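A.B. asks: Sequence:
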Amino acid sequence: MTNLAQTPARLRLEAALNNLTAVFRGMAAHPDEHNCECHWGSAEDLAQLKTPDTALDPDLLHRTWQATDWTYKASVLRRILPQFAAALTTGLVEPLFGMEEAGRTFHQAEWQQWPVEQAAAVREFLHAWWAHTLTEPDPVVPAYQVLVLAAEASATLGPWLRTWEAQNHPTADEHLVKAVTSWEYDLRGDQLPWSTWHDEEAMCAELTAWLLRHAPARLRAHGAPEELLHQIRLLGLTGPERWDEDLGAGGLA
Numbered sequence: 218m219t220n221l222a223q224t225p226a227r228l229r230l231e232a233a234l235n236n237l238t239a240v241f242r243g244m245a246a247h248p249d250e251h252n253c254e255c256h257w258g259s260a261e262d263l264a265q266l267k268t269p270d271t272a273l274d275p276d277l278l279h280r281t282w283q284a285t286d287w288t289y290k291a292s293v294l295r296r297i298l299p300q301f302a303a304a305l306t307t308g309l310v311e312p313l314f315g316m317e318e319a320g321r322t323f324h325q326a327e328w329q330q331w332p333v334e335q336a337a338a339v340r341e342f343l344h345a346w347w348a349h350t351l352t353e354p355d356p357v358v359p360a361y362q363v364l365v366l367a368a369e370a371s372a373t374l375g376p377w378l379r380t381w382e383a384q385n386h387p388t389a390d391e392h393l394v395k396a397v398t399s400w401e402y403d404l405r406g407d408q409l410p411w412s413t414w415h416d417e418e419a420m421c422a423e424l425t426a427w428l429l430r431h432a433p434a435r436l437r438a439h440g441a442p443e444e445l446l447h448q449i450r451l452l453g454l455t456g457p458e459r460w461d462e463d464l465g466a467g468g469l470a
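For reference, each letter of the sequence shown is one residue, going 218 to 470 in the numbering used here.
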């Protein structure tokens, strides 16, 4: 986090991180958990996951959250969650392809089915991090990537888009400019701008509809380039009309 001012959003995030530490204290991987020593790590590494409340070195943390072949995924995520969440918010988690990979780790552990206190702690962390990111001029993880993680972790876009909609200030608008710049090419091809394990068509349609409703006025007020506003307008067209309009405007691809 680049801005260390004790804003309400930052205090909320710090409280959420502290709560994760409290709620998941004493958690360990399942006693029968195992993984391939050739491709994942040593028996000593696995023993660390079965020992609660000890910090993992960054490489072991990375290998653990990125592995998809755990038998007891929930227990593994609960074991690493406080350290993993702290690493996420400080920019120390660097997925190979995108933050959807980290979101997948949450989703596959089925955190929403955990006991009420545990699920609530995860939910509050995701919401607090998202709200904080939208208030930060230069967050360590771009807002559109935090959105991707949250959407993949929760299998839904709606709550995160509603929060963005409610954050009606220049910093949130600047994040929207950066998001549209990153997403518009894929969206014009009716493709979700990230890989998903959920309903890609539905997510793409929801994101496009939300941008058509809320992005133009905010981007215009923020002084976004006319070319970017044109790309948003194209999303409201379908099929040949979209491409004819694009070519007629000079092929702003």
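No wet-lab data here; the hints were simulated from the structure.
Remember, predicted model here, so these are calculated numbers, not experimental data.
Check the hints yourself; a few may be wrong.
The calculated EDC-like cross-link candidates involving lysine to aspartate or glutamate, where the alpha carbons are at most 20 Å apart (straight line), are [claimed, not checked]:
#, residue 1, residue 2
1, K395, D416
2, K395, E458
3, K395, E327
4, K395, E382
5, K395, D407
6, K267, D286
7, K267, D249
Pairwise CB distance ranges (calculated) [to be verified]:
#, residue 1, residue 2, range
8, E334, T373, 14 to 24 Å
9, A434, C255, 13 to 23 Å
10, W414, R379, 16 to 26 Å
11, R280, G243, 14 to 24 Å
12, P354, E444, 33 to 43 Å
13, P376, G243, 23 to 33 Å
14, D286, S412, 41 to 51 Å
15, A337, L228, 33 to 43 Å
16, K267, E444, 46 to 56 Å
17, T455, G375, 19 to 29 Å
By construction, the Cβ of each residue, glycine as well, lies at the ideal position given by its N, Cα and C atoms.
A.B. asks: Confirm or reject each hint.
C.D. replies: We went through each hint and held it up to the structure:
Straight-line distance between C-alpha atoms of K395 and D416 comes to about 24 Å, which puts the hinted pair past the 20 Å bound. Taking the CA atoms of K395 and E458, the gap is near 26 Å; set against the 20 Å cutoff, the hint is violated. The straight-line distance between the Cα atoms of K395 and E327 is roughly 31 Å, outside the 20 Å bound, and the hint therefore fails. Annotation: proposed proximity of K395 to E382 holds, straight-line Cα distance about 15 Å (limit 20 Å).
For the suggested pair K395 and D407, the alpha carbons sit about 19 Å apart, so the restraint of at most 20 Å is met. For the hint pairing K267 with D286, the CA-to-CA distance comes to about 17 Å; that is within 20 Å, so the pair holds. Taking the CA atoms of K267 and D249, the gap is near 9 Å; set against the 20 Å cutoff, the hint holds. Hint check: E334 to T373, Cβ distance near 21 Å, so the stated range 14 to 24 Å holds.
At about 55 Å, the CB distance of A434 to C255 disagrees with the hint of 13 to 23 Å. As the Cβ distance of W414 to R379 is approximately 22 Å, the hint placing it in 16 to 26 Å holds. Separated by about 23 Å at the C-beta atoms, R280 and G243 satisfy the suggested range of 14 to 24 Å. For P354 and E444, the Cβ-Cβ distance of about 23 Å falls outside the hinted range of 33 to 43 Å, so the restraint is violated.
Taking 23 to 33 Å as the suggested C-beta distance range, the pair P376 and G243 conforms, at roughly 30 Å. Taking the beta carbon of each, D286 and S412 are about 18 Å apart, not inside 41 to 51 Å as hinted. For the pair A337 and L228, the beta carbons lie near 18 Å from each other, so the given range of 33 to 43 Å is not met. Distance hint check: the CB atoms of K267 and E444 are about 54 Å apart, consistent with the given range 46 to 56 Å.
Here the CB-CB span from T455 to G375 is close to 23 Å, well matched to the stated 19 to 29 Å.
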